[in-house]
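Student: When you get a sec, could you build the whole thing from the sequences and use the hints?
What follows is each chain in one-letter form.
There are 2 protein chains.
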Amino acid sequence: MSLASPFHGLSAFPPTPADIHGRVDTQALCGLLERLCEAGVASIGLLGSTGIYAYLTREERRRAVETAVECVNGRVPILVGVGALRTDHAQDLASDAEAAGADALLLAPVSYAPLTQDEAYEHFLAVTKAAKLPLCIYNNPGTTHFTFSRDLLQRLSAIETIRAVKMPLPADGDLRGELAALREKTDLAIGYSGDWGAGQALLSGADAWYSVIGGLLPRTALALTKAAMAGNGEETHRLDGLFQPLWDTFKAFGSIRVIYMLVEHLSLGRAELPRPLLPLGSADRQRVLDAARPLIAQETGQPHQSLL
Amino acid sequence: MSLASPFHGLSAFPPTPADIHGRVDTQALCGLLERLCEAGVASIGLLGSTGIYAYLTREERRRAVETAVECVNGRVPILVGVGALRTDHAQDLASDAEAAGADALLLAPVSYAPLTQDEAYEHFLAVTKAAKLPLCIYNNPGTTHFTFSRDLLQRLSAIETIRAVKMPLPADGDLRGELAALREKTDLAIGYSGDWGAGQALLSGADAWYSVIGGLLPRTALALTKAAMAGNGEETHRLDGLFQPLWDTFKAFGSIRVIYMLVEHLSLGRAELPRPLLPLGSADRQRVLDAARPLIAQETGQPHQSLL
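Chains as they are written, first to last, in the numbering used here: chain G, 34 to 341; chain P, 34 to 341.
Bear in mind the hints are in silico, worked out from the structure with no lab data behind them. Everything numeric in this text was worked out from a predicted model, so none of it was measured. No residue lacks a Cβ here, since even glycine has one placed at the ideal position from N, Cα and C. It is possible that part of the hints are untrue.
Said to hold, decoys possible - Computed spacing ranges between beta-carbons, pair by pair:
#1 G:187 to P:90: 32 to 40 Å
#2 G:218 to P:278: 34 to 42 Å
#3 G:214 to P:267: 27 to 35 Å
#4 P:214 to G:103: 26 to 34 Å
#5 G:238 to P:327: 54 to 62 Å
What the hints assert, rightly or not - If you want the ones that stay clear, here's a sample from chain G, every Cβ over 12 Å from chain P, calculated:
#6 103
#7 108
#8 160
#9 175
#10 280
#11 333
Tutor: Below, the structure written as structure tokens:
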């Protein structure tokens, strides 16, 4: 798999601008995607967790994919999140994404009743039968509460179209050990989410950064990605330090609340959090703005007057 | 609130018979509800977790409630689970349940992005504005991964129509301490789920048992409820002991997989687990049958020939 694959480098996960009823604002979505294409991200992770896939209907998810395919127009591969509680619904979403022209799928084992390892395996297998696109395993225990065993990842990697995994940061911090263990058991491309650990993950040899902030500030995220993938620890740590106050707000408030606030603050469109999620209060908003200010300056190459 | 309220005594949670596509079998549902009415349970918990509410569409959930109201015909109060990821969807479900003639609502803070305490509060408040039925807080961290603080329960109990809470068994086992603390802070009726701890919860003074097995074997569950609520520890422990092997299979396999297998085995209808959930394998099925055999004999007053 070449570095031009959707599973290597910076995969930017944009928010999905929508109104309070979950109706996607296709124009604002296009605007966000344009920024990602112009910055030159390696792939776009449409309808990820930050892209509120879990809160949107099948119809709105189809509208979002069709919009993205049209706007991006082949410039950057598009991964589409097709997670759903029911296997048949996930199959429908995968089939919709394929029909709309997506390049790859991202599938999380969304659950209500906790799933067994075998149930997750059969769920993934069923979705790969519904659409032939390359698939990335969306390993996101913070939202799905499902834990993949390494044996399950190995079994899944034997399914022809399953090509990649998006991992959470390891609890013990041992990225090199985890990467070595996974590479021994699978031939999956291995990327990480958890923006605050991405620089270290890439320095440790990970293939991709599945990035929340990359969906909003792609140039700065790309600079960090390139520095880390080139093994430039000094520049990686400098940029990571610049991001640190924002990572702290991600941890304190949840990245989704921070990102949706910043979309509107950067005048990139109206992006309502799906209720029950609530906008941040004014003190928390101020903390986010203070944390974001130097990053916005870095992103645009100059102080962002509207924000300062 | 009298003992005839839907929030005191045995609240039986039936499974929802449905086909593999999530289409509810209204005739089989009626048959299950008839057994509960005949046994004389205090209330019916329709579309609880075991009732696969999370996996059914709004349309199918409406069909289930309409069917139940018609079959039960006022003999037993019906609580309806109206949980949904989006607040507006939960409001729609609550409004549908009220229009169909339900007696009370059961609301779990279903989440994908983890919710704050304030977000859960506003979610509940919004649902109480959409339907005026008495509401039971469905505190089920095993599926929702949301933890209610006691302060939040206190705030919620001040909302006029919020009358009860369905609690998980306390991790430290201190039922009396928890009941005393909750009664000091709220005037909610307090019931417990977690079938294996229900006898002890009722002996400790809980108001209700929100029971999975009560949805399938109501007479035996009712005998345990009555013994425990009368303070008869000896009979409670005898019946609890009879249930113990089945509780062990609930813990080992998840109660939902055990119950859906038993529905078909008792010839009570066709009840497919919603995929990705899978039926138990043959060794596990045998263990469930062995555990259930003495209970079925107890329930029917004689050995259940078709099973033995």
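Student: None of the hints should be skipped; say for each whether it holds.
Tutor: Taking the hints in turn, this is what the structure says about them:
no. : hint                       : result
1   : G:187 to P:90: 32 to 40 Å  : 35 Å, holds
2   : G:218 to P:278: 34 to 42 Å : 38 Å, holds
3   : G:214 to P:267: 27 to 35 Å : 54 Å, violated
4   : P:214 to G:103: 26 to 34 Å : 57 Å, violated
5   : G:238 to P:327: 54 to 62 Å : 57 Å, holds
6   : 103                        : 27 Å, holds
7   : 108                        : 30 Å, holds
8   : 160                        : 10 Å, violated
9   : 175                        : 7 Å, violated
10  : 280                        : 17 Å, holds
11  : 333                        : 29 Å, holds
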